[in-house]
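S.K.: Under our numbering, the sequence shown has 271 at position 271, and the numbering climbs by one with no breaks.
Treat the hints with caution; some may be incorrect.
[As the list claims (entries may be wrong)] Pairwise CB distance ranges, derived in the manner of DEER restraints:
| # | residue 1 | residue 2 | range |
| --- | --- | --- | --- |
| 1 | Lys95 | Lys41 | 23 to 29 Å |
| 2 | Asp116 | Tyr437 | 34 to 40 Å |
| 3 | Gly393 | Asp90 | 36 to 42 Å |
| 4 | Gly393 | Val93 | 19 to 25 Å |
| 5 | Pro429 | Glu250 | 49 to 55 Å |
| 6 | Asn435 | Ser220 | 37 to 43 Å |
| 7 | Lys384 | Glu358 | 17 to 23 Å |
| 8 | Trp261 | Asp236 | 22 to 28 Å |
| 9 | Ala352 | Leu56 | 52 to 58 Å |
| 10 | Ala42 | Ile426 | 45 to 51 Å |
| 11 | His411 | Asn349 | 54 to 60 Å |
| 12 | Leu56 | Asn213 | 29 to 35 Å |
| 13 | Leu443 | Asp116 | 41 to 47 Å |
| 14 | Glu146 | Lys41 | 42 to 48 Å |
[To be verified] Pairs of lysine-lysine residues, derived as DSSO-like cross-links and limited to a Cα-Cα distance of at most 30 Å, are as follows:
| # | residue 1 | residue 2 |
| --- | --- | --- |
| 15 | Lys37 | Lys185 |
| 16 | Lys95 | Lys48 |
| 17 | Lys144 | Lys319 |
| 18 | Lys244 | Lys201 |
| 19 | Lys37 | Lys144 |
| 20 | Lys73 | Lys95 |
| 21 | Lys319 | Lys276 |
| 22 | Lys276 | Lys240 |
| 23 | Lys77 | Lys276 |
| 24 | Lys207 | Lys240 |
| 25 | Lys384 | Lys73 |
| 26 | Lys396 | Lys441 |
| 27 | Lys73 | Lys48 |
| 28 | Lys244 | Lys144 |
None of these hints come from the bench; they were simulated from the model. Glycine included, each C-beta is placed from N, C-alpha and C at the ideal position.
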Amino acid sequence: MKISSTFAILSSTQAVSLKPWRVAHNKISSSKMSNDKTHAKALLEQEKLMAEEEDLTLIMNWSGVTPAYSERKTLRKLPERCGGCWLTNDRTVEKTAHSIIFDNTRHFSNMEDVPDRENRNLDQYWVFFAREAASKNAHAGAEKMEGAWDSQFNLTSSYRHDSDVHRPYGDYNSALQDARYTYNKAKDVWQERITGDALLKVIQRLKRPVGENHTAWMVSNCESTRGAVVRKEFTDRLVKHGLKLDGYGECYDNVMVRTPWDKQHYDTDTFGTFTKYKFYLAFENSMHCNDYMSEKFWRNSLTQFMVPIVYGPHPDDVKRMAPPHSYIHVEDYDSPHALTKYLDYLDRNMTAYMEYHEWRRAPADVYLDNASKNTERMYCGVCKEVVKRKNLGYPKKIIPSVASWWWMNVHDDECTSGQELPQWLIDTPVVTLENMYDELKELSFNGNGSPKR
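Sequences and hints are given; from them, build the entire structure.
M.R.: Here's what the structure looks like:
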């Protein structure tokens, strides 16, 4: 289905203030803060433990303060399987930390709040950490990256598979863990809770009868960004052509007080609100941004035993990342009418519908971390990478332009469509993983694994 023309005709809209549900969420987060004395005591204990280490590795999260914790210093040790690094937001270690992580979503909004670039520790690895889609604030972000700051980063971490530290929103193995396993924290292992055959019987039993609304979508952003407007208009076209949809969220004046995305039904006999539906609109507000498949696909759809209807991610990325035959991609259909007719066919034919759940029978790797803890996985990955490089004598890695890698090394121009990228970025040679300079690749090794220059 051709959708690029729809994206091209819409202009950007202004962001709106925080939505009521997010304000309430922030209040709840603040209320969960431990008191100052408890925090100070725990911090002191961690500082004593760190002082006892002779050869520690220290990582600083430059953006690791939220409004609720803006006055608080944090310090904790990552698991030994990650490298045992210490993680802090204490900016007094700016010159001595082995690595500094920069959350691009936050530092783009305040480019004056950055470390001393001219006098930086040259053995320090600066990590460009991208949480959001590359389409978000592409114009403003790229303008702020112009100049020397653009070439200061040594490592990348994002949902893109060509990052140094991959931080996806989900993955095939995590989807299997979520479907049939329960995490045993004491043993640090995932244990099978239900067999594949039994799970498929449960899923079939949960679904609504034929003819009832079979598709769900929860959305509260339908006008604050260009991409949000586009996906809502496309959804309206599907409904016009007969999509049997139940809408939730502010866009449908049907706000749910309690989140439907909890994992309660993995540990009890109760099931989530949306598991009765057969399909979920996993519609992104970004188009063809490399590897961008957010929680809408993984948590909102697969985890709730629904088949995601995908809109936004590039078909090649979805094919590579998703469980086999687990989704329906909008771009595989000639028209909204053709898509809605196919969904109605699956609604009537349970055998054909259940084929989209066959992947759930496969065994999961029970020792891998689950992607739902993707930020912890990111910290773990950064720690491993920094410890490796530290032990090899701090081999240099140079990214000539992280902005070029992020915004220009893409499938097509759909990801940033509607946003005017600055000329300096357009004129910059496209940076890829292959043409970054990495001294680590030039090291040869002795038989004992130590580097030989």
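S.K.: Hints first: check each against the structure and report whether it holds.
M.R.: A quick look at each hint next to the structure:
Distance hint check for Lys95 and Lys41: the Cβ-Cβ separation is about 28 Å, which falls inside the suggested range of 23 to 29 Å. The hinted window of 34 to 40 Å between Asp116 and Tyr437 is violated, with their beta carbons roughly 23 Å apart. In this structure, Gly393 and Asp90 break the distance hint of 36 to 42 Å, their C-beta atoms being roughly 26 Å apart. Our hint of 19 to 25 Å for Gly393 and Val93 holds, since their Cβ atoms are close to 21 Å apart.
A hinted range of 49 to 55 Å is violated for the C-beta pair Pro429 and Glu250, which are about 43 Å apart. Distance hint check: the CB atoms of Asn435 and Ser220 are about 41 Å apart, consistent with the given range 37 to 43 Å. At about 34 Å, the beta-carbon gap between Lys384 and Glu358 misses the expected band of 17 to 23 Å. The given range of 22 to 28 Å is respected by Trp261 and Asp236, whose C-beta atoms sit roughly 25 Å from each other.
The beta-carbon spacing between Ala352 and Leu56, approximately 57 Å, falls within the hinted interval of 52 to 58 Å. Against the hinted window of 45 to 51 Å, the Cβ-Cβ separation of Ala42 and Ile426 comes to about 49 Å, which satisfies the hint. At about 34 Å, the CB distance of His411 to Asn349 disagrees with the hint of 54 to 60 Å. Taken as a hint, the range 29 to 35 Å is violated for the pair Leu56 and Asn213, whose Cβ atoms sit roughly 56 Å apart.
Checked against the given bound of 41 to 47 Å, the beta carbons of Leu443 and Asp116, roughly 29 Å apart, lie outside it. Between Glu146 and Lys41 the CB atoms are about 45 Å apart, so this pair conforms to the stated range of 42 to 48 Å. At roughly 28 Å between alpha-carbon atoms, Lys37 and Lys185 fall within 30 Å of each other, so this suggested pair holds. Distance restraint check for Lys95 and Lys48: the Cα-Cα separation of roughly 21 Å lies within the 30 Å cut-off, and the hinted pair is therefore satisfied.
Among the hinted pairs, Lys144 with Lys319 is inconsistent with the structure: their alpha-carbon atoms are about 34 Å apart, more than 30 Å. The suggested pairing of Lys244 with Lys201 holds, with an alpha-carbon distance near 24 Å, which does not exceed 30 Å. Between the alpha carbons of Lys37 and Lys144 the distance comes to roughly 40 Å, so the proposed pair goes past 30 Å and is violated. Proximity of Lys73 to Lys95 is assessed by CA-CA distance (about 17 Å); at most 30 Å being required, the pair is judged to hold.
A C-alpha spacing of about 26 Å is found between Lys319 and Lys276, which places the hinted pair at or below 30 Å, so the restraint holds. Straight-line distance between C-alpha atoms of Lys276 and Lys240 comes to about 23 Å, which keeps the hinted pair within the 30 Å bound. Only pairs whose Cα atoms come within 30 Å are accepted, and Lys77 paired with Lys276 is rejected, the gap being roughly 42 Å. Using a Cα cut-off of 30 Å, the hinted pair Lys207 and Lys240 holds, with the two alpha carbons roughly 24 Å apart.
Only pairs whose Cα atoms come within 30 Å are accepted, and Lys384 paired with Lys73 is accepted, the gap being roughly 23 Å. For a cut-off of 30 Å, the pair hint linking Lys396 to Lys441 stands: about 10 Å separates their Cα positions. At roughly 15 Å between alpha-carbon atoms, Lys73 and Lys48 fall within 30 Å of each other, so this suggested pair holds. Restraint check for Lys244 and Lys144: the C-alpha separation of about 44 Å exceeds 30 Å, so the hint is violated.
The structure does not agree with the numbered hints 2, 3, 5, 7, 11, 12, 13, 17, 19, 23, 28 stated previously, though it agrees with the rest.
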